[in-house]
Amino acid sequence: MPETRYVKAIADALAEEMARDERVIVLGEDVGAPGGAFGATRGLVQRFGKDRVRDTPISESAIVGAAIGAAASGLRPVVEIMFMDFIGTCWDQVVNQMAKMRYMFGGQLRLPLVLRTHTGAGLNAGPQHSGSLEAWAVHVPGLKVVMPSTPADVKGLLKAAIRDDNPVLVVENKTLYAMKGEVPAGEHLVPLGRADVKREGRDATVVALSRMVHEALRAAELLAAEGVSVEVLDPRTLSPLDREAVLASVAKTGRLVIAHEAWGPCGVGAEVAALVAEHGLASLRAPVRRVTPPFTPVPFSPAMEKAWLPGAERIAAAVREVLGRCA
Amino acid sequence: MPETRYVKAIADALAEEMARDERVIVLGEDVGAPGGAFGATRGLVQRFGKDRVRDTPISESAIVGAAIGAAASGLRPVVEIMFMDFIGTCWDQVVNQMAKMRYMFGGQLRLPLVLRTHTGAGLNAGPQHSGSLEAWAVHVPGLKVVMPSTPADVKGLLKAAIRDDNPVLVVENKTLYAMKGEVPAGEHLVPLGRADVKREGRDATVVALSRMVHEALRAAELLAAEGVSVEVLDPRTLSPLDREAVLASVAKTGRLVIAHEAWGPCGVGAEVAALVAEHGLASLRAPVRRVTPPFTPVPFSPAMEKAWLPGAERIAAAVREVLGRCA
Amino acid sequence: MLSGAAAAPTREQARAIYRTMHLIRRFEERVAECFAAGEIPGFIHLSTGQEAVAATVGALLRPDDLVSATHRGHGQCLAKGADPARVMAELFGRATGCCRGKGGSMHLCDLARGVLGTNGVVGANLPIAVGTALAARVRGTGQVTVAFFGDGAANTGAAHEALNLAAVWSLPVVFVCENNLYAEFTPQAVHARVSRIADRAPAYGMPGVTVDGNDVPALFAAAASAIDVARSGAGPTLLEAMTYRYRGHHEGDPMSYRPREELEAWRARDPIPRFRAWLGQRGWLADEEDARLAAEVQAEVDRATEFARSSPWPEPTAALEDVYA
Amino acid sequence: MLSGAAAAPTREQARAIYRTMHLIRRFEERVAECFAAGEIPGFIHLSTGQEAVAATVGALLRPDDLVSATHRGHGQCLAKGADPARVMAELFGRATGCCRGKGGSMHLCDLARGVLGTNGVVGANLPIAVGTALAARVRGTGQVTVAFFGDGAANTGAAHEALNLAAVWSLPVVFVCENNLYAEFTPQAVHARVSRIADRAPAYGMPGVTVDGNDVPALFAAAASAIDVARSGAGPTLLEAMTYRYRGHHEGDPMSYRPREELEAWRARDPIPRFRAWLGQRGWLADEEDARLAAEVQAEVDRATEFARSSPWPEPTAALEDVYA
Ligand SMILES: Cc1ncc(C[n+]2csc(CCOP(=O)(O)OP(=O)(O)O)c2C)c(N)n1
Ligand SMILES: Cc1ncc(C[n+]2csc(CCOP(=O)(O)OP(=O)(O)O)c2C)c(N)n1
Ligand SMILES: [Mg+2]
Ligand SMILES: [Mg+2]
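Residue numbers (the working numbering), protein chains in the order written: chain A, 1 to 327; chain B, 328 to 654; chain C, 655 to 979; chain D, 980 to 1304.
Excised from the complex, chain A in its bound form:
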């Protein structure tokens, strides 16, 4: 299979869907000629024109509101919010309008719209450009939320999101944009709501999100050397969560570690742990462990951010703990 960068997989998905369906338009700051702050919309305006690829002012509420109205009037907009850290500037439009409109209007309309944004620390971008805030959206009915960890998944999930008739938040990771990976040639769709076992294992389940999937895979390598077999489960879609996949994996391994970059309290890790405490308790052979950053904003200095950010070592340590192998 051809190797593609994560950011290129996004641009390819957008181009394919825009070519396939003229109702698909793209809105956001600098998404036109500049190709987006990270290049995810490169080439689109040249190919599809300024009418369908629109540079917007710095007006996140208007951008998202415009996408909502456009979706209610027959288009299928894809909005880019430059950093998920800025989503507070349009949060009302997301939660009170986008998420509720179909419901409160008694099902009169569909809102086929995609909100692309990204999370992720590790680039010394500082406290306002490094956050992982997906849990806020997972808390809100009416939204779907995906968090792809590979070029293939981001392409397949973004294309599926664009074809979905509901608002979907596609939460990318800025530190993965440069990552290369195999992407199936031709039409490639990944169904929403389906988790993916990124590595099979018997002794413990690590549910990992976004970039942490790769850290979990590294941890699994470390542990394999110690004779421990780790299963790495990537939910891919956070809302609706693939509960069966989580419960099935824990039923098999009896041990659960959850790893994400978001803060712990009321994060997706809490939801996964609660799911198992409610419906998989019998299969749990050890306490659950969450691997998250400390409950502080993201520090700027590399000296602090490196230690702040969880990685393979911390995940491996948590797995050893749930296996009662604390060194």
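In case anyone wonders, no lab produced these hints; they're calculated from the structure. Note that the coordinates shown come from a computational prediction; the quantities given were computed from them, not determined experimentally. Just so you know, nobody snuck in bad clues.
List time: in silico EDC-like cross-link candidates among lysine to aspartate or glutamate, alpha-carbon distance up to 16 angstroms:
#1 K579/B <-> D530/B
#2 K507/B <-> D339/B
#3 K633/B <-> E969/C
#4 K507/B <-> E330/B
#5 K525/B <-> E509/B
#6 K306/A <-> E1294/D
Starting from the known structure of chain A, fit chains B, C and D with the ligands onto it as the hints suggest.
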């Protein structure tokens, strides 16, 4: 002890703190002469003047930002956001400025500021005026979050919040404003971070938030008649959560039910369940149960809202379940 | 296409506008009665006194044009053609309501009639109206969107961003501000140094005009021109209509914050008798026709109320539907 | 107190402004070098070309006045008196940085010097500046707050709400827009129909003025008057300074979106030589003084860089501090 309404307890707390400390000011829509949309600021402008009690335009971001700047410059503002449902209109100021300012500036300043708002369904206020969104704030470091369930607690927690040197969200419940309850005469403070056992019990723990505390107490009555002894734990402060109190109660009862009006996924119930799955698993004698509304916006019609909203019956049923007494 | 110059209503248009004003007035009065009687749950914001704005704008729109309404939007929806019976049933919270009882007063929607919904978040409807206008532009449908908003909403960030975006993209949208001098219980001067919202139009490079919102012919000329400009592709207009609400901010509001003389002065400028006189001068409405029309409207509101009252409640399980498509 | 009429800088003020412009220019050039050399992590937004605005405004403020800065705010902070060494150390992410290495370029703060912080969220600093001005009013300190913002920030809802609130409360704040014609990689015309941000002032009932942001005497007169008005209690002013950034939006930006002639034309209007000439005409700065001043500034920047380079990294555990008081 004198009986006071919940809303009057708020007005009393504000008046006492404004009289005690001239740095305390109040900002919000219609908080002046009108006394606030629900009367929580009644009498303040007449007593403390327009300089310290300020009616604002419908500009939530500016209101919260102004409070942040004022707190950074030596005042102790108390802001009212009329419904927590509207907090999306100022969410960026809350999470990127209010919560992070002290941290990202290396501790150079303190932000003694209180953001009062309210949640709660049951008044047929519809999808945009009935939400319970406290979990979003619990997910954010730098904020403290309290959710008082009684007149005494709202007075004591609000006064403590005003004296705290950090940003504190005081999340009231509109359906409790009219509730009467005993409030200790004279100076009454409730420390932040301390849970309260609203009813002692042996067989099961119900952790309940805000109005659900009263539903949980009703459920405890129902179950007492069946010979079941239920402990009702009111965290009161959601961030920082009184983890010891939760774990101690579950250690005693071995069974846990969590009840709140907020949606389930990534809600406070998920965090409490995760806490126990991590640190109290050994004491759990049955699966955890969360009692929350269905994962839909709040419907307007009484015919739907009544059924949508969890109550004593559903809490009692969940307790019976964790006790293996499914009728 | 209408010439924006000094468009005046034809006889038919004028009578239609007059009838719509009547309908809104009677409808709102009925809502007040039913709310007081405990038949309507939740919060209710009525528009009695402001009928001319919605009625005139509604009469100038095509069936496929769109209206994005406010929390005070019953009249805005009725004037665009929403069925009074289904709207009343929605206010009653019945299964037959236009939103199946899920929305209520602040979330009325009738897409088939171009009613994009009332909104419970002040200012939040403006960005959405920009979006429907964007779709009309991209799809080339020739539709115009009208976004109603209040003097208080003008101070929200959402309104600012929407006005600017609509202007820079020259979208087919008309922003109609119903300036009724108050936001909730607070007079406009507490919320802004400027008293004319239309004075903000130049900030967006957009034409702005203020008219007497109780004067149908003045409203008609201004709205016709703005809609004309929007449809022709020349972009948005900020049209401000100075008006006044007779009732409280919401039902139950004691209105202690308004001088009674102010209310009296505005009642003296009631848009309905004023326009009745205008019609009379032209011999466009004889007294018996007026009486018939009043009776018709009364009957329509009675039917709507009966429909609502006799309609079934939604099944509790209906609350679980319509979250996702 | 300065008379706003046509205030002109004294010899001392003029020399101070000139020196500050030099300092900012050298500081930013050094930051660019250190960033290219990999010594500075993260994102960096430089202000070379725009120095006159920050330097002139800074010279007019009291030590206890406040400045709320933007993501392009190194110069805004230095001009208010922030210590170049501690700022440079912050950019390097060192423990000795003004924010202990927690903030970096977009979160510089030096409260003791009245530097309320740069900000990573465009437009978000304006409401906060309204708040410090509110505190000054309530506490009667006589302090003025200056909120810097960009042409792009003017289209955010936060800016609109802040401008309106400051106006209606007549707060002691001056909103200084550094209009450098671009927001990131996109020219202003793509973001607004209006090209003059000061044209938005009337929307708030606020005085607005646009000046050549590369012309120190013009800036001085306008800023002195605005600060004077604010301090006197008459409320905010929107002061727009037309200027241009020489470097990319952020370091590493190839700048493909700007015609090279445009850059050349602006370089020809470089504020530093222009003001040098003005000083020369008045005999206020002899060549040897100029050379000495340049050397001094160079040495200061060298010291700052040395300080940063030789400073220790923060302890990883320091990341856990300063969350709560
Ligand atoms: C964002 C937001 N803030 C506050 C409110 C509460 N609220 C409802 S109506 C209203 C006043 C609106 O005033 P205006 O825009 O003039 O409309 P009017 O009620 O006068 O028709 C307020 C503050 C709200 N619904 N949304
Ligand atoms: C709310 C928000 N949206 C988007 C961004 C990304 N961003 C950073 S700087 C910038 C352009 C700002 O332009 P302007 O206000 O003119 O300031 P300049 O960079 O020209 O100094 C943008 C869009 C941001 N930081 N915050
Ligand atoms: Mg009004
Ligand atoms: Mg700019």
